[in-house]
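A.B. asks: Residue numbers (the working numbering), protein chains in the order written: chain A, 1 to 172; chain B, 173 to 452.
A few of these clues could be false.
Stated by the list, open to error - Which residues of chain B face chain A? A few of them, derived with a C-beta cut under 7 angstroms, are:
no. : residue
1   : 187
2   : 188
3   : 197
4   : 203
5   : 206
6   : 234
Just so you know, the hints here were simulated from the structure itself, not pulled from any lab data. The beta-carbon is built from N, C-alpha and C at its ideal position, and this holds for glycine as well.
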Amino acid sequence: MVKFQKSKITNQFLKNFPLILLFISVLNEFDFNYLNLKYFSFNFPFILVFYWSLKKNDSLSYGFIFIAGLFNDAVIGLPIGLSSLSYLLVCGFAAYLRNITLRPDLIKDWLFFLMTICVTNSLIYFLIVVFFKVNLNYLDYVFNIIFTFLLYIVIAYFFDIYQRFVFKKEND
Amino acid sequence: MQPSRDDFVIAIRSAFLSKSAQQRFSLLLLIFFSLILISLSKFNFKAIDYVRMSFKEVAYRSSFIVSIPEKYIKIGYYSFKDHLQLYQDYEKTKLELEILKSKELNNKYIVAENKRLKETIEEIKFSNEDVYAKVLLDKDSPFLKSFIINKGSKQKIKLGMAVLDKGYLVGKIIEVNFSTSRVLLLTDLNSKIPVNIEPGGIQSIMSGTGKEYGEIQYFKNQKNLSEGDIVYTSGAGGVFKSGIPIGKIILSQNKNIQINYFTDFSQLRFVKISLFEEIN
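If we strip away everything but chain A, and leave its shape as in the complex, we get (with noise of 0.2 angstroms):
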């Protein structure tokens, strides 16, 4: 019985870890800055949203990822609301692909999670310096565009074998 419990908690656990991940990474914000590398950096948020988005929605509630949003901004400082609806426009352009594609294809996917960031972060820039009038450094911008959309494809490999080992059973 307590073997039983114990996996049927383990179990959700492993369901519910990208969720998990989403509120360590969003309240805790590993992106290496302390190693002080000249323009590196990277948004977590972005690559793990897409991704769970497009392959296995049910993993990341629509009402969480909005949450994790409201309190990135509160981590980080900027106005309340704008990682919010950054990442679910992320979730909706992951959704429409997902809508689209017949045949899933990593390359296409990387192709298009580089054009769902330049949009997004185009947007979040946008209504940063106009709206807010803040200014940022539109170079640091960039180059995490550029680091966010190399590394989507390494962190992709990772979840995809997460993904094999935990939700093997529902997919068969």
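Given chain A, work out where chain B should sit, using these hints.
C.D. replies: Quick look at chain B alone, frame taken from chain A:
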């Protein structure tokens, strides 16, 4: 076969409007809600401010707890780095100590003389209230350079107060909650501080660059400055006391006048918050 316009509309509608057992809210509804929140951020309604402050309190505390493992990794990384250059640091410190010892005596005399002269000309005196705070969160974001401290309106922290580390200016308070506050660092692009460059008493504005150095703005004649000149707060604007040291001047090749800050912003653990008020 080319996808028709109808297919595109159906795919978009399905993406933004559909709901399921897991997705109780449609994307469009939440996007709309985000836009309302963003619009409200622009305006200062008291009730919304309280909700926002409470939410931020929860977010900062949660973030502090979640960041504990990363904090230990960061501390480990820095102490490893420090160990590697321990001997070099020792030699440098020894040399600096010798120079400082010789300067100290001279300094004591100047301070006493300055005090006497100020009394003579009856300059406005400042009351100085200090509050010490712990740095709760320091994300070192490449976009917005700020950190969170564990003191807020409960400890009488106010907007615009100066934040110091070992006597050097590091930033100012830009957001106050009940028991937490946000400090905008001097390195942030949006940081603008009126400064005084000595010797010479040149008045100017120092701006953050988003990088590890600052820049002097609105200053035409670079010839009046030399490498190593010290930058202090000028006290213009009335929030900061004059004479808080900030950094040293570096003359770069691209004609910009840069400032090398005295503080290492990546190593802040505790800071001092000072309120300077004029006593008439």
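A.B. asks: Take the hints in turn and mark each one as holding or not.
C.D. replies: Evaluation of the provided hints:
The beta carbon of residue 187 (chain B) comes within 4 angstroms of a beta carbon in chain A, closer than 7 angstroms, and the hint placing it at the interface holds. Given the 7 angstroms rule on beta carbons, the hint for residue 188 (chain B) holds: about 6 angstroms separates it from the nearest Cβ of chain A. With a cut of 7 angstroms, the hint placing residue 197 (chain B) at the interface with chain A holds, because the nearest CB-to-CB distance is about 5 angstroms. Among the interface hints, the one on residue 203 (chain B) holds; its C-beta lies about 5 angstroms from the nearest C-beta in chain A, closer than the 7 angstroms criterion.
Annotation: residue 206 (chain B) was flagged as interfacial toward chain A, and the flag holds, the nearest CB pair being 4 angstroms apart, inside 7 angstroms. Taking 7 angstroms as the C-beta contact cut-off toward chain A, the hint placing residue 234 (chain B) at the interface holds, the least distance being around 6 angstroms.
Checked against the numbered hints listed earlier, the structure breaks none of them; every hint is satisfied.
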